[in-house]
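Protein sequence lines correspond, in order, to chains A and B.
Under my numbering, the first residue of the first sequence carries the number 10, and numbering increases by one thereafter.
Under my numbering, the first residue of the second sequence carries the number 62, and numbering increases by one thereafter.
Any given hint could be a false lead.
[As the list claims (entries may be wrong)] Straight-line distance between alpha carbons at most 30 Å, and here's what the computed DSBU-like set of lysine-lysine pairs gives: (1) A/K388 to B/K90; (2) A/K382 to B/K90; (3) A/K382 to A/K418; (4) A/K418 to A/K226; (5) A/K135 to B/K130; (6) A/K123 to A/K58; (7) B/K127 to A/K382; (8) B/K90 to B/K136; (9) B/K66 to A/K382; (10) A/K130 to B/K127; (11) B/K130 to A/K217; (12) B/K90 to A/K339; (13) A/K388 to B/K64.
[Stated by the list, open to error] Covered, in the sense of this in silico footprint (three residues per stretch, anywhere, with C-beta under 8 Å from a C-beta of chain A), are these stretches of chain B: (14) 82-94; (15) 107-119.
If you are wondering where the hints come from, they were derived from the structure by calculation, not from laboratory data.
Positions of the beta carbon are idealized from the N, C-alpha and C atoms, including for glycine.
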Amino acid sequence: MAPRGQQAVEIADDVHWIGALDPNLRTFDLILKTANGTTYNAYAVRGAKGVAVIDTVKEEFSGDFFTRLEQVARYEEITAVVLNHLEPDHTGAVPELMRRAPQAHIYVSQRGLKLLSALLKDELEKYVYTLTDTGDVCDLGDRRLTFVNTPYLHWPDTQCTFLEDRRLLFSGDVFGCHFCDERLYNDLVGDFRFSYEYYFKHIMRPFKRYVLEAVDKIEPLDPLLIAPAHGPILRDNPLDYVRSYRKLSNSYLPNEVEGKEKSLLVFYMSAYGATADMARSVYEGAGEVEGVRVSLYDLQGGEIEPFVDLIEGADGLVFGSPTINGDAVKPVWDVLASLISIETRGKLGGAFGSYGWSGEAVPMIEDRLRGLKMRVPEKGPRVKFHPTEGELVVCRAYGRALAESLAGKTRPKEIDLADL
Amino acid sequence: MAKGKLTFTDIGVTVNVPAGTRVIEVSEKVGAGIIYGCREGDCGTCLMRVESGMEFLSEPTALEDKVLKENMAGKDMRLACQAQVLGEGEVKLRPA
Ligand SMILES: Cc1cc2nc3c(=O)[nH]c(=O)nc-3n(C[C@H](O)[C@H](O)[C@H](O)COP(=O)(O)O)c2cc1C
Ligand code: FES
Ligand SMILES: [Fe+2]
Ligand SMILES: [Fe+2]
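With the rest of the complex left out, here is chain B:
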């Protein structure tokens, strides 16, 4: 199965993950600084900044897009409870 890399730059940890993994499934386990509220793409608490490798994350759904807009998120921001790793590349992220 395709593997991708998620690097949490605030704590300097890189995790090798299978394609389809959501950031939320990893970030809490490693104790990265991204925080969560609703955990289902509604509240915008888990906003994160993608430093590189945006192309290796799933496209935002309509729901995520709406919440990103409401939170006036920049182009490099995503919701950690929604974004999934596509595999094949490294994504570097940190809390927004």
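One chain only, chain A, in its complex shape:
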């Protein structure tokens, strides 16, 4: 049953695993680690009218893939090549597969077309392709594959493919993990629970909204078997893994600030206390606005990871930093560089800080916040050295204005472009 040597493995009637094992991999996509390597799972489904190949492998493993594929099908029998995800770890063998089976019809999601053309370049025009959406079908004669569009899990193109007669879901990266064990099935391999959650946190977490939409589409299919593109094939309680995606997509922290109330976090760093004084005034000003819960944190006293969890659940973030050697201070950048694993799009952002002569920190932070797809409604205050009473009043007003913007209480205003 295990893929000893280079055997294809039948995982359901006329459905074979034809992927590759990569036990020595330790870092994947630069952003995550794996203690157990990974697998690139590809599959072949045979029907009365031909064979569908679902995904391939990373290019350097093409040899294993073609060896296994050739055990279960001849190239001229391949009528369909289904690409659930266009990342190179699954499309490495696609160009060569299409050269060997040029008659095969490619099935790819609408958003995948651009990526497919970047992959196949000029060769694409030699092949036939169909752009898929939820409910579309690939007919293999006596059995059919239907497509489930699951965008942003974790690329724009991602989709799942469902083999109706076996209730088998080919899920791509979704429900996958980096764990290499040739026993292949979740009830036979070693303990991969950590790998499963870790994979979610690093790959799927920024796309929680889309995860919940996808789970809503997948649960009613009630799959008996989930065949992801990495790691164990889920045959024992497959729905548990779907449900765990729902659970992992809920907030990490119990929801204290709830309902209509908005949460605004003020972070700061300060060497001589000037930016700290500003931070307190911003915090107090924001606190005057009803419906906004404000919190104040000194970055010197915290660690990145809990801050990231806090930020994920917050509606607005403000950073106070002095300017040191023409830049904001490193702990601010450390936090701002650690937000790729959560969604920041649409949150409110702001920055303020004390400086001596050039004051670059505030605009640099504001640009970064915009780069994180946050909206920055107010120009942040900068103060030379220690703030005066009057300057603290400005900081208070700034905090209030941010909180009002969060609470949707800003009065309509009209301005000229030149005044911005």
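Dock chain B with the ligands against chain A, hints included.
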């Protein structure tokens, strides 16, 4: 020079702008909720909904049209990094 008005309804801000101004040049400065990726009409991140005054925006270029189609955009949608104000009228917009 002809002037137009851009109103970002999500934040309630109206800006008077000269003809030829792109929405992107204004929306970030006022902190409206429209967001950007490539900033050159390729990725579709900056999709926005035009609530009124579509006639006071430049026609979409072939490139913008293609990206709008790829993103299955409705008739009232445009790319904020591409659309330019023609002047003489008010355009009301918000994030898509
Ligand atoms: C986890 C992950 C996330 C990605 N996110 C984006 C993205 O948001 N926007 C983008 O344009 N490309 C994105 N990419 C695509 C990479 O930039 C692209 O594959 C690139 O060619 C990789 O270059 P490299 O071979 O030098 O690593 C992402 C790739 C990975 C692996
Ligand atoms: S930002 Fe990419 S299309 Fe406008
Ligand atoms: Fe991927
Ligand atoms: Fe993958």
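Annotated coverage of the stretch 82-94 of chain B by chain A, confirmed only when three residues or more have a Cβ within 8 Å: Held - the stretch 82-94 of chain B has 9 residues with a Cβ nearer than 8 Å to chain A, which meets the minimum of three.
30 Å Cα cutoff - pair B/K130, A/K217: Measuring from Cα to Cα gives roughly 26 Å; hence the hint holds.
Pair hint A/K382 and A/K418, alpha-carbon separation not exceeding 30 Å: Roughly 22 Å between the alpha carbons, so the hint for A/K382 and A/K418 holds.
Straight-line alpha-carbon gap A/K388 to B/K90, limit 30 Å: holds (9 Å)
Restraint check for A/K135 with B/K130, where alpha carbons must lie at most 30 Å apart: holds (24 Å)
30 Å Cα cutoff - pair A/K123, A/K58: holds (29 Å)
Pair hint A/K418 and A/K226, alpha-carbon separation not exceeding 30 Å: Violated. A/K418 to A/K226 sits at ~37 Å, over the 30 Å cutoff.
Holds or violated: B/K90 to B/K136, with C-alpha atoms at most 30 Å apart: Given that 30 Å is the threshold and the Cα spacing comes to 26 Å, the pair holds.
Given hint B/K90 paired with A/K382 - CA-CA distance at most 30 Å: Between A/K382 and B/K90 the Cα gap is close to 13 Å, so the pair holds against 30 Å.
Distance restraint between A/K388 and B/K64, which requires alpha-carbon spacing of 30 Å or less: Answer holds: A/K388 to B/K64 is near 25 Å, not above 30 Å.
Distance restraint between B/K90 and A/K339, which requires alpha-carbon spacing of 30 Å or less: holds (26 Å)
Proposed proximity, A/K382 with B/K127 (alpha carbon, max 30 Å): Roughly 23 Å between the alpha carbons, so the hint for B/K127 and A/K382 holds.
Hints 4, 15, counting from the list given before, are not met by this structure.
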